[in-house]
Structures are given as C-alpha cells and as structure tokens.
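Engineer: Below, each chain spelled out in residue letters.
2 protein chains.
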Amino acid sequence: MTARRQDYYLDELKVGDRFESGGYTFTESSIIDFAFAYDPQPFHIDADAARKSNYGGLIASGFHTLSVAFRLIYQTGFIRSASMGGPGMDELRWLKPVAVGDTIRSVGEVREIAPSKSKPDRGILKFHLTALNQRDEAVMTVTFIILVKRKRGA
Amino acid sequence: MTARRQDYYLDELKVGDRFESGGYTFTESSIIDFAFAYDPQPFHIDADAARKSNYGGLIASGFHTLSVAFRLIYQTGFIRSASMGGPGMDELRWLKPVAVGDTIRSVGEVREIAPSKSKPDRGILKFHLTALNQRDEAVMTVTFIILVKRKRGA
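Protein chains in written order, with our numbering: chain A, 9 to 162; chain B, 9 to 162.
Don't read these hints as lab results, they were simulated from the structure. Incorrect hints may have been included.
The list treats identical chains as interchangeable, and a pair is accepted whether it falls inside one copy or across any two copies.
[Unchecked claim] Within a straight-line C-alpha distance of at most 20 Å, the following computed DMTMM-like cross-link-like pairs (lysine to aspartate or glutamate) qualify:
(1) K157 / D47
(2) K134 / D98
(3) K134 / E99
(4) K127 / E28
(5) K22 / E120
(6) K127 / D54
(7) K60 / D129
(8) K134 / D47
(9) K134 / E120
(10) K157 / E20
(11) K127 / E145
(12) K134 / E117
Work the whole structure out from these sequences, hints included.
Structural biologist: Next up, the structure:
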C-alpha cells in the first residue's frame, strides 16, 4: 500500500507500508543559510568556490538534505501522535548532489516492526527513506530507527 | 595524538588521530527554531507538551545535535582544505537527550584511511565522532565517511 492517511500507531503498521511526501525546492539562500550555521564548507556557502569545485556550483549540505527529507516525511503525519523519538539511523548515503533549484520529495517504507519486550506500550520501527529529486533520481537513502507507541490511547 | 592543529590532507592523517572541538550551548530558542523548520515533534517545539512527555522537558532534535556536532568538529579546521564532501554516515546513535542549557562538544577519531584505487588524488576517511555533554556523557555517536584530498596542492 502507498498511504497518504495519517497518524498510525505501531500495531497499525506492517512491513512494506509506504508513505510519500510532497516536495520542497532548495533555494540558493536556504542552502547557504543552513550551511553557514552547520556545515560551512566552501562548496555549500561560496558560489564562486563552488563553481570551481568538482560540483560545478553550490550544493546543499547533506545535513540539510537529511533534515528536509525528514521534515517532509514527518509532515505526512504518518506517526504524528505515536512517535516517541529516535534512537538512531543506519547506512545513510548521499548519492547525488542537491543543487540550487532542485525539488526533493521523500518516499518512506516500513522495513521492520519490533514490539519492545520490556515495555508493552511501545516498539521499534525501522523505516527506510529515499529522497528523490525532480528527475526521480535518488539523492539520499537512510534507515531511521524510531520508537513508536503501539496502540492509540495507550 | 589529540590534535588541535589544522588543515590535514589524507596522507597526513593516521588511524587513531583525535580531534576535539570547543563547546556549544543549546538554548531554548535554538532548539525550537531548528525543530520548527525540520523536526516539529511536540517534545522539540512545545514546552508544555514536552514537560508532559517521557523527556520531562524540551529536547533538541537529533538532526540539530548532529548538525551542531559536525559544525563543531569541522570548525577545528582538521580537513578545512581537503574535504571533498561526504558519501554517507554509518551507525548514528542518539544515546541521551540534549536539553535546554546543555553544552555539547565533539571528539573525533580517525578510524580508517583508504586511498581511492581509481583516482590517485583522493581517498575515503572513516571518522568516528562522539558528542559529549557538560557531564562528559556521550549523547551521540556516528561514523562519517568523507572524501578527502590526499596531498596538499595536488
């Protein structure tokens, strides 16, 4: 299933469930502003240096791409009430640069569901995310590990 | 060695080299502003909801902690000229919440150095980072995979 419905709890999800977000366009100012605070490498904040780099122009910080991709999938509301935060992420790969004007959307898929043995009200969701650009090229993949409440109202 | 010197190239680094940053204090407004843009879960942006959550108060988005921890280690200048960007990250773990007023610093360690077989001017650096709070508790660990130029001037 590809779902756009909202607000699942762990017991309502199953392996293979998919969620797809809307898009977000990376502007020059958003790329420079984020990177100036968190990742001030020349190819993220200096248009002239970026043109002379391997990338041929400004590209978004990978941390910016990650943060936007998470916001987009979270904004679908798929675990709006049930999320209890995340213990981690595995195998993040930045596959292609995100340039000024690129539009990114997120596609998420449930990979693993593991109810906690010690705490019956919660469990671990492993959730694979692919961020795609406007040419449907994967620019980033990652697996999130998220602590999720099992049942509505519990 | 624990280094505070700057601007290494891949051939100048060796496994075990360590770098330590200064600190950064997470304020309430920085936590809320970052999360409102990228990770608007209630326990990151709503002080009242956060007080009633498992966390007992506002905590920083993990993406915020990650971005700050990278900025702090990058700011040491350890690969200022040589970094060509990052293919990815492995095994990120958020081990403890970062609350309002917590001060985080980064300790990085070279774990693996692999010159490229196809491109003699560069190679892959695997760099393990631990973010520590003011009580010296690890709040996050992650391994960065970074593409680094091998030699100065090459």
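Engineer: Need the list of violated hint numbers for this structure, in ascending order.
Structural biologist: The structure conflicts with hints 4, 6, 11, although it agrees with all the remaining ones.
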